[in-house]
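Participant: Spelled out from the first residue to the last, the chains are:
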Amino acid sequence: MSIEVKDLSFRYGKIVALDGVTVRLGEGAVGLLGPNGAGKSTLLRILLGFLVPERGEGKVLGYDIRREQAMIRRSVGYMPESDCFIAGMDAVTFTSYFGELSGMPRQEAMKRAHEVLFYVGLGESRYRLLDTYSAGMKQRLKLAQALVHDPNILFLDEPTSNLDPTGRMEILELIRDISANKSIQVLLSSHILDDIESLCETVVILNKGRLAAEGRMADLRAIQYSLYELRIKGDAGAFRKDLEGRGSRVDEMEDGLIKVYMPEAADRMDIFRAAARTGAQLRYFVKSRTSLEDLFAGVVGVD
Amino acid sequence: MATVREKGYSHWDGRLVERRLPWWPITRTGIQLSFRKKRFKVLFSGAFIPAFVFLVGLYISERLEDFKAFIQGSDRLLNIGPKYFSTYFTNDGLLFLIVLVLAYGAGGLIADDLKHNSLQLYFSRPLGKKDYLVGKMSVIAFFVLVFSAVPGLVLIVFKLVFAGSFKFFLQYPWLPLSVIGFSALLTVFLAFYVLLMSSLSKNSRYVFILIFGTYIFSNVLFGILQSIFKTPYMALFSVPANLQQAGAFVFGQKLPHAVPAVWSFAVLAAICGLSAVMLNRKIRSVEVIK
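Quick mapping for you: the protein sequence lines, in order, are chains C and V.
Take the first sequence: its position 157, counted from the start at 1, is 157 in the working numbering, and no numbers get skipped.
Take the second sequence: its position 121, counted from the start at 1, is 1121 in the working numbering, and no numbers get skipped.
Next up, chain C with everything else stripped away, as it sits in the complex (with noise of 0.2 angstroms):
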């Protein structure tokens, strides 16, 4: 395993982040899900050594993350969510200052600011001041920066927010062939269900510092619960607070579409035995195929 913890526990003051999260990731692309401040960046701060649990225990490529932070760091790059750039600096001198940071000799972390900047997309634009850079610039730069020192594990803190759409691809076709092609692990923590549906076979999702779901996509979509598309006629309050009473969870769409999550072990005639005790007319009914957004929907209890 490259990254686990155990029993891991954080607080800002009163505000529980982390509360007692246990994983285990192995390799490939993992996807950390879950709502803004469900705690993704606490974790990702927490294995950087950022910041100290209150609790619990882990290690990143076996090294512990309360006492060698410094090896971690050498074998982690991090992409921050938040712009970061020093003023007055160009492409490669701000990229090849972070591989030295890091441990490179000068030479070679010059020689390597190119290859890396070339690779983002910025060979063209590597001596222009950080100052003019456009949103889209500063999101490769950052990538750049995590990669310089060649890490085994990519840290990224959503990489594709504020980006327009062909800035997303790019970003997001890039993380793909380092994940797939290039043997670096990636964490990459974001709510933008898409972009780790397009990137991760394992999925970590947390939702208020606790963790709702960990596993291969695949596997957490079959078991997590079956999910069912339909219409009624009649009372749908009625039906749906008799559904919730029996542990299944209900969304009603717009259009009058209503979503049941059934947890694995109940049974889909349950369904037409709720709508018949609430005297409703199922009018539609389809067993639906669960996307990630499902997946979410059901353990987070968010639309």
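Fair warning: there could be bad hints in the mix.
As the list claims (entries may be wrong) - Simulated coverage check for chain C against chain V, where a stretch passes if three residues somewhere in it have a Cβ under 8 angstroms from a Cβ of chain V:
no.: 1; region: 80 to 87
no.: 2; region: 111 to 120
no.: 3; region: 147 to 159
no.: 4; region: 267 to 276
Rather than coming from a laboratory, the hints here were simulated on the basis of the structure.
We put the beta carbon where it would ideally sit given N, CA and C, even for glycine.
Mind docking chain V on chain C? Use the hints.
Facilitator: Chain V alone, transformed into the frame defined by chain C:
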């Protein structure tokens, strides 16, 4: 902008090394970035004027006969000894210029990192808070030492060269130590002072005002309080007055204010201590918004 992956990614076959001085790239880059400002270069050059004036004074002191008409009886000013060096180090002009150079060239050392969120990039590297601060302080140390220890030692060497003998050195063998000692004190104090101010705002222009304003205002406050309370102890409120007291003590000269030098050292140490506490609180890899 070029297309994505115009060149493929290749792994680096080198080995990361553990540096003896992990903060050195921060220092080197900090100095280089300061010199990228055109006005700073002018200011930096201008701050050598006091050293040049004192060097000319040294030369004239050895050729008093040649410059008799020019000096017109003010040759007592050119009596070269510890007082001459004390005057160089503690004159208002030099201290003013050093503070000006630091305010302009080093004011953004932390402020710019706070403004552009780059602290998290530093701390995602194998760097500690101590390495970061030492790296930034060394930038300030470079500028302070360039205008204090370096000219001070050069002046001593030139005195020996102009005199053509080691008599001056044998007379005051402790003078180089005083030069180094006061330069070190000035460096440590200004490093803490400038970094503290730099950490108080994300805007380097405000930091410039803070560094320069606090320095000037403390002296104005001293003047006002002294005229009200008529006691020399009010000098303790002034940053330049405390530095001058400390300088006079280190060079073994009469103190400019009738206050024990230990009080001035205590004030300077207290400012350094306060700065250290504040910097420890302000420099974080994660900004926590409560």
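Participant: Let me make sure I understand: some of the numbered hints might not hold for this structure. Which ones are they, in numerical order?
Facilitator: Hint check: 4 fails alone, others pass.
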